[in-house]
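For the protein sequence lines, the chains are D and E, in the order given. Each residue of the first sequence is one higher than the last, beginning at -4 in my numbering. Each residue of the second sequence is one higher than the last, beginning at 153 in my numbering.
For the record, the hints were derived by calculation from the structure and aren't laboratory data. Quick caveat, the model's predicted, so the values are computed rather than measured.
Quick list of the computed label-pair ranges, beta carbon to beta carbon:
#1 D:E85 x E:D238: 53 to 63 Å
#2 D:K79 x E:D240: 42 to 52 Å
#3 E:E325 x D:L98: 52 to 62 Å
#4 D:R135 x E:A247: 28 to 38 Å
#5 D:D17 x E:K314: 18 to 28 Å
#6 D:A113 x E:P376: 26 to 36 Å
#7 D:V(-1) x E:P239: 43 to 53 Å
#8 D:L95 x E:P188: 27 to 37 Å
Every residue gets a Cβ at the ideal spot worked out from N, C-alpha and C, and that includes glycine.
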Amino acid sequence: MTRVHDMGGRFGDGPVQPEAEDAPVFAEDWHARALAVTLACGALGQWNIDTSRHAREKLSPKDYTRFSYYEKWIAALADLLVEKGVLTREDLAGKGAAGLHALAERALKAENVAAALAKGGPADREGGPAPRFSPGQAVRTRIPADNALADGGHTRLPAYAAGAHGYILRLHGTHVFPDSSAHGLGEAPEPLYAVRFFARELWAHPEHPDDEVVLDLWQSYLEPL
Amino acid sequence: MIVCIIKHDWTGPPAAAQHGIMPHDHHDHPHALLPPDPALRVKALETILTEKGLIDPAALDEIIDTYQNRIGPQNGARVVARAWSDPDFKAALLADADPVLAELGYYGRQGEHMVVVENTGLQHNMVVCTLCSCYPWPLLGIPPGWYKSDAYRARAVREPRKVLAEFGVTLPEETAVRVWDSTAEVRYLVLPMRPEGAEGLSEEDLAALVTRDSMIGTGLAKAPGEAPS
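Using the sequences and the accompanying hints, generate a full structural model.
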């Protein structure tokens, strides 16, 4: 079954509210702090990007819906810090032990920020299974769109594209497999493809017969058609 | 400025937490132990982490300054303007963007694997992340609020033309829409069509016509002389 974050195609959200091009990058000061605290904690090296995405997704549907964007970030970060044993519940409640943490030496310093952001975290890897599909080939996505390794786990196959017929557009290379990586099961890299789907394959009432949606999908999400 | 939220018992833990239950998927998540007000919650967590030496407030300032003042859509606009001016650059960018962008210094977090997609009269590209908020940070900075909104995430894949209309964009019938849902670590930048009447402009003047939204695909580049949006 899906989680609340998997909202592509959902009805009922109302109009998009565009913002001016020159609107502030951070509408509130605490938005900026939430982003920075999250990035700085990531630098402690206790989880990867897939784990942190999963932490946001597994907020309860009620919290996910009522929280604003950066509220989700900070709630998920607090949860992750406890889940990974970096902080205790007592710490969060303001009753934790005083003094420096064992991981303090890994804390991101101001002088290392530029290098850390510039370095990024590439997801492509050597090895892994050989590509099974080539551009132009017809494929069908897995259904249901669930994580096959962990029940209720992280996956990047949106429900709206489950069981859909599409065409390989390009091979991106071999990338870390989030369904595994998010759960401490290893990077398990797989070939990653851009796959195009006609909108009419995904929606009962497409806007235009030629419109398409392209998704980046890992090899194990796909079967030959 | 909120100061001194230290060692305060800011909230009682919820009942389930008091019983020591810590399921991975229920509503008694640890975050509920922090103050509910978002600004206070962030401040409290920052304070706890700083006291333990896990984060350095000066590093936070540096991160914020980077994305508030240094990395933003002006980077992407320079790339687009160059592509409009230099056919060889454009061909290289569309064929394999990563080495081209790396040479310009536009590599980094959330832009490790870039693909540039070109708008034409027959195909309009538009980028979304339905599952979260994936966005090419080194080229466009931090995404605007609407990009991260439920409405955009939910609707861009199903009714892109209605969404475009909300941005004031109407496409001709012969133009197909291709929506890119950023489901992996590949990040997409739209190369908008060069506006009419832009021939002979310098790269700097061209870059001024390139809006952030035109590089996401929810807008078009401005025409020369058009008032800034």
